Amino acid sequence: MKHILPAVLSASCLLSMGYVNTYAKATKAFKTAQPIICNKTYKTKVKGESQKYFKFTLTRSAKIAITFNGQVNVELSYLNSKGKAVSTYDHYNHYLKKGTYYFKINNYLGSSYPYSFNIKKTSYPLAKMKVFPKTKISHFQKKGTRITAKINEAKDITDYQVLCSTSKNFTKPMPAYVHFGKIIVDDVPDASSYYLKVRPYRQGITEKYYGHDSNVLTFTS
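Residues -24 to -1, 1 to 197, numbered by mature numbering (1 follows the signal peptide of the UniProt record, and there is no 0), are exactly what the sequence shown covers, in order.
Derived from the structure by calculation, the hints contain no laboratory data.
Keep in mind it's a predicted model, so treat the numbers as computed, not measured.
What you were told as hints is all true, and nothing was included just to trick you.
With a cut-off of at most 25 angstroms between alpha-carbon atoms, the simulated BS3-like pairs for lysine-lysine come out as follows:
(1) Lys16 to Lys131
(2) Lys104 to Lys74
(3) Lys131 to Lys96
(4) Lys73 to Lys7
With the hints as extra help, turn the sequences into a complete structure.
What follows is the structure, given as structure tokens:
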């Protein structure tokens, strides 16, 4: 699994994955949203500096992940019927309850571009959303201003919350992320000790389900 986004505290997660109000503009656009079904590829064009909405319904809770082809300068979001939104990315897993949802393509570019996408759906029981496998981390190293560690990555999750701090109470954690089975913390300040732990989570729209903390690693310089 490839994770390239910061996964630090929930405040940081809100910047990359969190939900926001989209006000009346989004709910008004819902009326003209194109109905789609999951597990089918769609091709579309979005005018420059504009948005396009699509509507899909889940008859039961599910794991969804979008495959998306097109210009990179776009924002992709899922929205619920109340206009709450969460950003998403190519192949990123989200876990939604049954209901009606909307998918938005926001084209930041000045010209229209063609896109294709497929919202892949897999049934996923609600009871299973709060059950996580144990996560273990190992091989804690510091070289220069970078800290790395290995992680046995869990399946069927959205991402990890990574906590790395110079305090054993994990106050003031540093920005960190998981990338191809490796935890990476950059621009680490000088300190006598460093502490590291992670926990997986599954992201819905407004819901976020957390797993248990991993083991804690300590590095003493």
